[in-house]
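The numbering of the sequence shown is this note's numbering, which starts it at 20 and goes up by one.
Derived by calculation from the structure, the hints in this document are not laboratory data. No experiment lies behind these values; they were computed from the predicted model shown. Just so you know, not all the hints are guaranteed correct.
Simulated pairs of lysine to any residue, SDA-like, Cα-Cα distance not exceeding 25 Å [to be verified]: (1) K402 - Y351; (2) K185 - E412; (3) K385 - L372; (4) K206 - N265; (5) K29 - D57; (6) K29 - Q294; (7) K385 - R237; (8) K227 - N215; (9) K389 - N403; (10) K105 - N92; (11) K77 - E114; (12) K44 - H101; (13) K335 - H101; (14) K105 - E160; (15) K336 - S392; (16) K299 - G391; (17) K299 - K335.
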Amino acid sequence: MSAITLGLEKLISSSQSQKLQDSLKGNIAYLGHSAAVDSNLNLGLELMIQTFGKRLTKAFGPQHGFVTDVQDNMIETDHVIHPHYKIPIYSLYGEHRKPTAEMLENLNTIVVDLQDVGTRVYTYITTLSLLMEACENRDIEVVVLDRPNPVGGEIWEGPILEEEWKSFVGHHPIPQRHALTIGEVAKLQQRLHCPNTALRVIAMDDWKRSFHWNDLGRAWINPSPNLPTYESSLTFAGTVLYEGTNISEGRGTTRSLEVLGAPGIDPINFAKTAQAQLEKAQITGLKLRPLQFFPMFQKHKSLACGGIHLHPTEPKKVRTWRAGALLLREFYQQNDFAFQWNDSPYEYQYENLAIDYINGGTSLRKWVEKNGSLEDLLELEKKNWPDYLNLREDILIYSH
């Protein structure tokens, strides 16, 4: 296992801590959640209060709430007073998704400690970005305590977000699987959207781009309610596409975003056909296991669903977005279940289809609908990668 030092640990309990602590000015706020822990599973908020005392005057919570207990897609959280620490916790996933001037009153520093999972639609990087925009041209420093990208920093996948499809689930012109840490995303946000925001990233020590979460010897804490394992964070780049369909992505099961299916689908036949398509596309490192499951909530609640469980057998090789796209084509073409695109409101978008916001454009949906070829999929995926590589060069913090 590889020993690393998180940004939180550098600030709180390293040889550099005193110097870093002394550099934080005035009144402090903390944007975090329950996955923001140190190697001993101490909560970030508790460590911050132990260190800074009454200087820490308020906190902010992202989607799913400060204690990560709320489900997805416009299920909002309220502002509360923390029951133990008696400080206000302002929700950034409710009436406001960007801090208001009132929320920022009397603050000098905002410390951000969020565990991202390396996928563009995961909204924590949007929340960070909106906070940075709110702090621009104010005398407030945003200090990001960096954390690992659990699926590594070497492989990126999926199309670049198109500007006209920018939304709460897509704020930056990056691929779906972006291969950046949250600290690197903060640097990207500053460069593209808020150059006058005072930003500091407290980088990790000894993290390498080749590392995945299972290299670190650290406990996995759900960064959101439906990512129960490291494996689910890896499959997420592909399975999140199914939020844009009536195929269950496993919410309501114990392995959400690792399983896919719907009533009426023969799991054995589908798994064989789908695995053959992955092999034809030379996607290795992913085994599809036939599965029947019963979601206890959300899509197809209490109905028997046939489908597949995605098992990454070679995590550092598998291309999960590409696999998810090919599987989406298979689900669309099968005849056992009436496939539909999700036309319900999705993450504060009330027009157009959810799949197009998730994928950052219409190209994938149109490819699925015309039963497109692998060559066409690769072309739409890689279309604007050179632009991303140019952006990426200036913001990377860590080596391979």
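Worksheet item: When the hints from earlier in the document are held up against this structure, which numbers fail?
Response: Structure breaks hints 4, 6, 7, 8, 10 and 13.
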